[in-house]
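These protein sequence lines map, in sequence, to chains A and B.
To convert, take the position in the first sequence, counting from 1, and add 445; that gives the numbering used here.
To convert, take the position in the second sequence, counting from 1, and add 445; that gives the numbering used here.
There could be a bad hint or two in this list.
[Claimed, not checked] Below, computed lysine-lysine pairings styled on DSS-like, alpha-carbon distance capped at 27 Å:
hint	chain 1	residue 1	chain 2	residue 2
1	B	K481	A	K759
2	A	K847	B	K580
3	A	K546	A	K558
4	B	K580	B	K872
[Stated by the list, open to error] One side of the interface only, derived from the structure: several residues of chain A facing chain B at Cβ under 10 Å:
hint	residue
5	V475
6	R679
7	P821
8	T825
[Said to hold, decoys possible] Taking CB as the label site, the calculated pair distances span:
hint	chain 1	residue 1	chain 2	residue 2	range
9	A	W912	B	C766	14 to 24 Å
10	A	E760	B	A893	52 to 62 Å
11	A	P484	B	P755	15 to 25 Å
12	A	E830	B	E760	47 to 57 Å
13	A	S865	B	T627	25 to 35 Å
14	B	L904	A	L833	11 to 21 Å
15	A	Q600	B	S854	52 to 62 Å
FYI, nobody ran anything at the bench for these hints, they're computed from the structure.
All of these numbers come straight from a predicted model, not from anything done at the bench.
We put the beta carbon where it would ideally sit given N, CA and C, even for glycine.
Protein chains: 2
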Amino acid sequence: CSWTKNLPNAPTPNIIIMLMDDMGWGDLGVFGQPSKETPNLDAMAAEGMLLPNFYTANPLCSPSRAALLTGRLPIRNGFYTTNARARNAYTPQDIVGGISKDEILLPQLLKTKGYVSKIVGKWHLGHRPQYLPLKNGFDEWFGSPNCHFGPYNDQSIPNIPVYNNSEMLGRFYEDFKIDRETGESNLTQIYLMEGLDFILRQTKAQQPFFLYWAVDATHAPVYASKRFLGKSQRGRYGDAVMELDYSIGQILKWLRTLGIDNNTFVFFTSDNGAAVMSGPNESGSNGPFLCGKETTFEGGMREPAIAWWPGHIKEGSVRGCMVATGTEIGRPIYYYRGNELMAVRLGEYKAHYWTWSNSWEEFRQGINFCPGEEVPNVTTHEQKEHTLQPLIFHLGRDPGEKFPLSVLSKEYQDALSRISAVVQQHKDTLVPGIPQLNMCDSAVMNWAPAGCEKLGKCLKPPESNPWKCNWPH
Amino acid sequence: CSWTKNLPNAPTPNIIIMLMDDMGWGDLGVFGQPSKETPNLDAMAAEGMLLPNFYTANPLCSPSRAALLTGRLPIRNGFYTTNARARNAYTPQDIVGGISKDEILLPQLLKTKGYVSKIVGKWHLGHRPQYLPLKNGFDEWFGSPNCHFGPYNDQSIPNIPVYNNSEMLGRFYEDFKIDRETGESNLTQIYLMEGLDFILRQTKAQQPFFLYWAVDATHAPVYASKRFLGKSQRGRYGDAVMELDYSIGQILKWLRTLGIDNNTFVFFTSDNGAAVMSGPNESGSNGPFLCGKETTFEGGMREPAIAWWPGHIKEGSVRGCMVATGTEIGRPIYYYRGNELMAVRLGEYKAHYWTWSNSWEEFRQGINFCPGEEVPNVTTHEQKEHTLQPLIFHLGRDPGEKFPLSVLSKEYQDALSRISAVVQQHKDTLVPGIPQLNMCDSAVMNWAPAGCEKLGKCLKPPESNPWKCNWPH
Ligand SMILES: [Ca+2]
Ligand SMILES: [Ca+2]
Chain A
446 CSWTKNLPNA
456 PTPNIIIMLM
466 DDMGWGDLGV
476 FGQPSKETPN
486 LDAMAAEGML
496 LPNFYTANPL
506 CSPSRAALLT
516 GRLPIRNGFY
526 TTNARARNAY
536 TPQDIVGGIS
546 KDEILLPQLL
556 KTKGYVSKIV
566 GKWHLGHRPQ
576 YLPLKNGFDE
586 WFGSPNCHFG
596 PYNDQSIPNI
606 PVYNNSEMLG
616 RFYEDFKIDR
626 ETGESNLTQI
636 YLMEGLDFIL
646 RQTKAQQPFF
656 LYWAVDATHA
666 PVYASKRFLG
676 KSQRGRYGDA
686 VMELDYSIGQ
696 ILKWLRTLGI
706 DNNTFVFFTS
716 DNGAAVMSGP
726 NESGSNGPFL
736 CGKETTFEGG
746 MREPAIAWWP
756 GHIKEGSVRG
766 CMVATGTEIG
776 RPIYYYRGNE
786 LMAVRLGEYK
796 AHYWTWSNSW
806 EEFRQGINFC
816 PGEEVPNVTT
826 HEQKEHTLQP
836 LIFHLGRDPG
846 EKFPLSVLSK
856 EYQDALSRIS
866 AVVQQHKDTL
876 VPGIPQLNMC
886 DSAVMNWAPA
896 GCEKLGKCLK
906 PPESNPWKCN
916 WPH
Chain B
446 CSWTKNLPNA
456 PTPNIIIMLM
466 DDMGWGDLGV
476 FGQPSKETPN
486 LDAMAAEGML
496 LPNFYTANPL
506 CSPSRAALLT
516 GRLPIRNGFY
526 TTNARARNAY
536 TPQDIVGGIS
546 KDEILLPQLL
556 KTKGYVSKIV
566 GKWHLGHRPQ
576 YLPLKNGFDE
586 WFGSPNCHFG
596 PYNDQSIPNI
606 PVYNNSEMLG
616 RFYEDFKIDR
626 ETGESNLTQI
636 YLMEGLDFIL
646 RQTKAQQPFF
656 LYWAVDATHA
666 PVYASKRFLG
676 KSQRGRYGDA
686 VMELDYSIGQ
696 ILKWLRTLGI
706 DNNTFVFFTS
716 DNGAAVMSGP
726 NESGSNGPFL
736 CGKETTFEGG
746 MREPAIAWWP
756 GHIKEGSVRG
766 CMVATGTEIG
776 RPIYYYRGNE
786 LMAVRLGEYK
796 AHYWTWSNSW
806 EEFRQGINFC
816 PGEEVPNVTT
826 HEQKEHTLQP
836 LIFHLGRDPG
846 EKFPLSVLSK
856 EYQDALSRIS
866 AVVQQHKDTL
876 VPGIPQLNMC
886 DSAVMNWAPA
896 GCEKLGKCLK
906 PPESNPWKCN
916 WPH
């Protein structure tokens, strides 16, 4: 399960991580999207390595990103909640916590090797001053601390700020437009320019760099710039995918133009599965996999992934080995929802100890995390325990998790005994981090981010009144 | 929607159709199979053209094959039944009918241009003497008239014969082994050799040829030869796919070795969607599409398809245009089940006039044509009429047919008015053929195929006792 065909001749290759937001496994032509509208990503795969067994460490933005940057599961790095069992928690504006000072982030590690690091796009590891990117290893930042939800009224909820390094530049919907009617926004183009500019400056300075390009056009409300709107066979979501695909092509072309393609490792993936609960206008495809975002079925955590490094990674290669953000290559995959180990994958076998899609209460209101994919006893609407007799699927024969193995079969017994040993070891050695996502408070919202004074954009926060956050999923 | 980049310099290129049996859209790496175990087909796509919008004319073997060889919908060429509404009919051993003499088959058309034609594998257009391949345009045949079901007892049901041209060579399970326990059979290797030998002989004779390579290892009971058994991540079905993929690679290599690759048009597809009702051990994947074989949802009729012709078809190209066996390129797609027009696709819109998965009676016995994919009001277990207000899906945004458009939307009304006009014209101009699949009779089974005397393999047929065939689906 090694990735490179020969050892790098450069000890410090540039690193680019292209992290998509809520993009699904099935959204790329090379992963089976019928519309085949991602020519640049498909070409990137043909020139690099496709990883069909790549996983996120969590089916939601914040914990997934915390795992990516720390190399540790959210249960270890603190990006989870103990307010209730098995809940997905993240960093909305009223979250009090953020990335722990005890964690070592990738840009901090790279700094010891002389790298300069920039994040472009969504941070989502806490928005209070001490949690922001420039306090946590990054040298530069252009983007937002939270999702581009809104528009808000700036009275009960402030619009999300957009930062340039350590100071705000403006706010979404005010200074950085997203037209909720038409879906038009030129944010992806801005993020592209920020990336190209950073690459150019570091190349000129002969400085090894790390670019974390965390774009969010495929996260609801999805957006695209005018040039791409209406161009896809897939509606607005497809337009957003096309613009991201185009932009990725531009970045790879830029590396070639600058002559640094042989010295730059590029990794493309997404933070969690497509948000199928949002319906076809605002979400993508998880291909053959069950359910999506927020769930620990394959649709929630199996991610599209491509590694690209001309001269080092063999063109057109495919690696079947399992990898997840937060674990080593080839290790078992742990599917957590908050503080609960819901499932484990070992080889081709996946054992579910707990199943849950979303609550009956929400489901009865029409919110469905598995639309058109109900599998009896699997996509359950209560938190169903299977710890004594886990549901086991063979993901090779049954990637859609629709046919549990018979518990009476030898295959089931063999798989279970091997998985049980692995899980026991995992639990024995696990040291949970202090949960960061338990407390909420309206006073911590983005009322007055650094730099607001110069812009006349400071808002008056309410009195502090912390509460235990309510995580319904 | 044209396929070739320049006009053929040879007026009579060789033609090879590689028709898979019950292989699904999602079984190829290039169409999103996570296991990525089809390197030869993926390379074929990279060297040729991928057709993500290719359809069969029917979700079942016989009518699909009749449409492929006649270029006409089954409702026109007679491969349907009027015994009951909207039933899939085929050619089991007790079928009385077969391909009509009024139809012109592709090999007959090609014979006028000097081609020699061979079918290797499953025929399935009738097994009574007048319906066999050599009576219907083919010059050579190696294979079987029916599916490789069995083993039978040769008392109430005879084992299916294997023909060499116009005489039987033996029978499945007796002379041509398929081990139902292990899944071992070397039939695909035999079919490969038959294909290579035919290509070689015609090339030496400088004779334009048509090879119809209709292999069936992916049809239940699935089989593979010893070398491939247990090699796939996907179980026995995946082993069969790997062996077919390997064999296809061998055929393309053979064309190159013989120097005729630039003069040979090769087309790969499947006769109908994966038989998801058979479960993960005996069936494949329809990728993002709903349900499978026997149904008029996308999983039943959208097929993997690759066109390959070095020097004429642009390498690595993708054609989005809709094509179906039985219709012209770019025309609407008609989804029939027997004598009923169930649905129509026009552009990205698909309208369902009738929905049916399978009957409540069967469903209650555990037979499920849409396992784990129930969509309320869509995958109905009664034949549900929507003729006054069809269900309409946008297949770009919603390839899985899970989110019907709101009938109140302008989009719905616009799509409906365009589709209605097309359907009206289709119905006005349709001349149904005489239905060939209405009558059954045990006396017509393969008791004493031509050539049985020499082999001592003749069996005594029962008295003729025809009945109206019962088509439950
Ligand atoms: Ca996300
Ligand atoms: Ca078939």
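Notebook entry, point to check: Against chain B, with CB atoms and a cut of 10 Å, does the hint on A:V475 hold up?
Noted result: At 8 Å from the nearest chain B Cβ, A:V475 passes the 10 Å test, so the hint holds.
Item checked: 11 to 21 Å as the expected CB spacing between A:L833 and B:L904, which holds or is violated -> violated, 55 Å
Item checked: Minimum beta-carbon distance criterion (10 Å), A:R679 to chain B -> OK, holds: A:R679 within 10 Å of chain B, min 5 Å.
Check: Between A:K847 and B:K580, does the CA-CA distance stay at or below 27 Å?
Finding: Violated: A:K847 and B:K580 sit about 45 Å apart, past 27 Å.
Margin query: Given the hinted pair B:K481 and A:K759, is their Cα-Cα distance within 27 Å?
Written below: Holds: B:K481 and A:K759 sit about 16 Å apart, inside 27 Å.
Notebook entry, point to check: Do the beta carbons of A:P484 and B:P755 sit within 15 to 25 Å of each other?
Noted result: Since A:P484 and B:P755 have Cβ atoms about 21 Å apart, the given range 15 to 25 Å holds.
Next item on the list: Given the range 52 to 62 Å, decide if the beta-carbon distance of A:Q600 to B:S854 lies inside it.
Entry: Violated - the Cβ-Cβ distance for A:Q600 and B:S854, about 34 Å, lies outside 52 to 62 Å.
Next item on the list: Determine whether the Cβ-Cβ distance between A:S865 and B:T627 falls within the hinted range of 25 to 35 Å.
Entry: holds, 30 Å
Margin query: Would the hint on A:P821 be counted as holding, given a Cβ-Cβ threshold of 10 Å to chain B?
Written below: Status holds, d = 8 Å.
Notebook entry, point to check: Is it true that A:W912 and B:C766 lie within 14 to 24 Å of each other by Cβ?
Noted result: Given range 14 to 24 Å: violated, Cβ gap about 57 Å.
Margin query: Taking the Cβ atom of A:E760 and the Cβ atom of B:A893, is their distance within the range 52 to 62 Å?
Written below: Check passed, 58 Å falls within 52 to 62 Å.
Next item on the list: Quickly compare the C-alpha distance for B:K580 and B:K872 to 27 Å and report which way the hint goes.
Entry: violated, 32 Å
Violated hints for the displayed structure, listed by number in ascending order: 2, 4, 8, 9, 14, 15.
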